[in-house]
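**Student:** From first to last, the protein sequence lines are chains B and R.
At position 315 of the first sequence the residue is numbered 315 (our numbering), and the sequence of numbers has no breaks.
At position 110 of the second sequence the residue is numbered 110 (our numbering), and the sequence of numbers has no breaks.
Take these hints with a grain of salt, some might be off.
Cross-link-like lysine to any residue pairs, in silico, SDA-like; alpha carbons within 25 Å at most [as the list claims (entries may be wrong)]:
1. B:Lys241 to R:Pro19
2. B:Lys614 to R:Asp122
3. R:Lys152 to R:Pro118
4. R:Lys152 to B:Lys241
Calculated from the structure, these hints are not laboratory results.
One-letter residues, chain by chain:
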Amino acid sequence: MKRKTFLKQTGSLLLSFNLFPLSISHFDSGENNGSETSLGDPNEIDSWLRLNSEGIVTLFTGKMELGQGIRTALKQIAAEELEVDIKRINIVIADTEQTPNEHYTVGSASIESSGMAIRQAAAEARSLLLEQASQNLQIPIHDLRVKDGVVHFIKDPNIKISYWKLLRGKTLEGQITGKAPCKDPSTYQLVGTSIPRDDIVGMVTGQPSYVHDIRLPGMLHARVVRPPSYEAELQSFPDTKIRTMDGVIKIIKNGSFLAVVAQEEYTAIKAWNMLRKESAWDVKKLIPLQTNLFDDMLNYNGEQQIVEEKNGKLEELKHQHEAIYKRPYHMHGSIGPSCALAKWESGRLTVWTHSQGVYPLRKSLASLLNIPEQRIHVIGVPGAGCYGHNGADDVAADAALIAYNLPDKAVRVQWMREDEHMWEPYGSAMAIKIKASINGNGKITTWHTDLWSDTHSTRPGGQAAHLLLSQYIAPKINRKKGDISGGASRNAIPLYHIPSMKVISHDYQGPLRTSALRSLGAYANIFALESFIDELAMLTQQDPLNFRVDHLRDPRALEVLHVIEAKTAWGKRPKQQNIGFGVAFAQYKNHAAYFAVVAEITIDSANKAFKVKKLTGVIDAGQTINIDGLKNQTEGGMIQSASWSLFEQVNYSEKGITSNTWESYPIMRFTDAPEIEVHVINRPTEKPLGAGEAAQGPTVAAIANAIFAVTGTRIRDLPLSAEKINW
Amino acid sequence: MAKITLFVNEKDHILDIPPDTPLLYALRNNLKLNAPKYGCGIERCGSCMVLLDHEAMPSCMRPCSSLTQTKITTLEGLGNPTNLAPIQIAFIEEQAAQCGYCLNGMIISAKALLDKNPDPNDAEIRVALQRVLCRCGTHSRIIKAVKRAAEKMNERIING
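Isolated chain R (complex conformation):
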């Protein structure tokens, strides 16, 4: 066990954990966050995506000890039910979910894309979401939701 400080969702958190603990388990079990999910444990399904310094990255293998200097943002950090982020609103409006287990990876990946490319085309959206698996077949709705999110985020910028 060791004391490790992680900067998650704009706050420092001091955790007493084995330093090799992958970030996913620290987020879920120590910080009690639900959004990043276990899916495969080897970075192949995207269920556990988080933003690491604005990049969408899987959290299931990276040891916490390697992330003490990193800004970590989870889906919870984007917005909450009473203060939803535009991208969350877009997924709700498109009803882009069936079981919803993949949505964390989808929204985190889309957020990283839109922050870099505010007006992505269809192909760019697909590439950005490529590493996140959905088994319910919600792909076409998720693509629509990302397009809608881009519109919302751009409106916001224009309307200042």
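The shape of chain B in the complex, shown without the other chains:
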């Protein structure tokens, strides 16, 4: 659909609530003067940004705001390159009828992809506008400068014309040629500073900020009644009792998919509660049991993939060492359970969602409901932090199916806490076995890793089969085998210089539903790798930080370690009986941000307890767009990783998931939160590197290494709980 038609059809609806403060009016003038470019051609400037004659710039990103502050960072990039005040810039995020298709907001890649696309589009726009200004003022481009969108003659600032005047009510049209020069980073005024996020004002005053806050006229509330465990068939439910409840509008049953729709939210919740208690299900037992999980994993006869193989010359070996590390299933644990709204009206479906990928979701919904994609509009609205693939897509599918059964009614579905805990796809349990040898000079000569993991990506990706409800509706939409992707071996290859290396990834298909959780396999792989490096250093009586330095060649890797050494006075760290220090390092994905961290823990031997007192991190993400934003993301990653590592594992029995509340799945609270310090190494002339997930792996290893330093206990199976320490 062309944008123009879309605006005519839905503009009024969008304007009716202020979650979308920009939209429409700001680019109306542009629309009326008619660029008919079809949506999403990434080679057109106006797919990414538009200027209007009123002095407003609107950016379009296919990436989703997840609390990482992407809106602010992208505005900074555009304002810098266009040389306009950042206050002139609005941004439209993830919307299948407004923004480019940027697939998923994943892998810490939004700055590297969307950010660089917007930078190039802004550079092209600036270049075109300067050409027009040059013609208009009859002054060569090299004698022109721009300040807040006003192009002026360098020798006489009174000879000037603004971008907005140059546009004369038209939109700026042009191709992204890649030839327009980007600004010299040494002249940056906005990129590399800590521009505050402007969305926080709304958050601290209760302005509508989340998909949960959307209220559509005549909106109904629905809840989905999930079975007690994964493989289950609905036998019976108290149909009449619920149907006759005051305020219940409809029960939707499709195979074993059961939902209740009510006028009021609390009625839907009461009905949901009753249905949960009084419905009968035929449930298959979950196997293997949790106690046998790792035996099952290590003996599983799955596919193998050689991730890395290199053979150096054989040397005399002085030491050999082998260890196995284990990570349980972890939850995303969003604080706000997943939520979506949908409306099926005049043969068109509109869905409001906090999915990380509006376009793939649209395709999946088209396949689910068997309607053309062009008749589905998916609008991205922020939710509670998701940290990967949580229930966002699934609840959107729930809402879509329910709305499809209730034409002309807007339906809001919010998962209950139990739904989110029990049904989100978890971060996979993993096992990692490492063997290595060390020569007479204390250098690692051979390294062998075997790792076992279930999949880290079952995002819908355009397929209905990956939406949760597809396993319960009639007929079921079964997943094709082999259509799951990896992520298991992320960061399994050591960055350290080791002459002979082999890394093998073993596929495991375990009992629980899994998908992408922040950093995928990197968290467990780095836990194993960086714990093992520490073990090797201890085995050969070398300082663990120097041991790492001795095995690294990349100067930026060395720099983060040197800075952490200085910031924590590593060489002078106190040797006390109740304090332990541990260090760890990784370059995320072996090609994104560099991160080193030191954990300081205190122990209380009498009470057999320990506490993470402080975490200090150093990050090099290349050219940093927003220093405070990067710090915030990194601090959060460190605390979240500490929470996973100290407190968390998904428990289950043969009857299903038993971690169904915050009591049975506790996460870090304030009295356990460590003090946090983050230092940024900003490299303005380097390209920006993905950073949002860099802290997850090193932080867990640093804590485990600190525990070893002070207690002598090497914990190799997560969580790092006090009862595993040999006091």
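Since the structure of chain B is provided, determine the placement of chain R on it from the hints.
**Tutor:** Below, chain R alone, put in the same frame as chain B:
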């Protein structure tokens, strides 16, 4: 259904709701307030915090019928974007948010603390915020924001 009068953010509101409706749903759906949020429904996460007669309390289980004699204050009642309360300014200045979903519980809990204890130490702040969960790991910034809020509120008192 029954007519229930609730005193919310300094105003009486007459609501026609089933009397057992928990306060959270009345605030969100009847009064169209966004700050108190659903998180767990069983008073374990703090997303739905409100001030009940100056005490920070979860709103997800308390029936409206039990609150007709209570002064109810939500985050919206503390200040708005054009007239921010010192505690809201402190959270903005510290940029103490990632996704921000927990901020309602954090600010409401901090407000109740600071009204009773204008100069809390680190441990007292942590205990006051203990029942509110944050998943993004913004804890260290939130603690700084509460300290900054204490300074601001004390300055205000001194400067009268």
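**Student:** Between lysine 152 of chain R and lysine 241 of chain B, is the straight-line Cα distance small enough, at 25 Å or below?
**Tutor:** Distance of about 56 Å is beyond 25 Å: violated.
**Student:** Hinted pair, alpha-carbon criterion (25 Å max): lysine 241 of chain B, proline 19 of chain R. Please report holds or violated.
**Tutor:** 21 Å, holds
**Student:** Take a quick look at whether lysine 152 of chain R and proline 118 of chain R sit within 25 Å of each other, Cα to Cα.
**Tutor:** Given pair lysine 152 of chain R, proline 118 of chain R holds - Cα atoms ~10 Å apart, limit 25 Å.
**Student:** Regarding the pair lysine 614 of chain B and aspartate 122 of chain R, is the alpha-carbon distance no greater than 25 Å?
**Tutor:** 14 Å, holds
Going through the hint list in order, the structure does not satisfy hint 4, though it satisfies all others.
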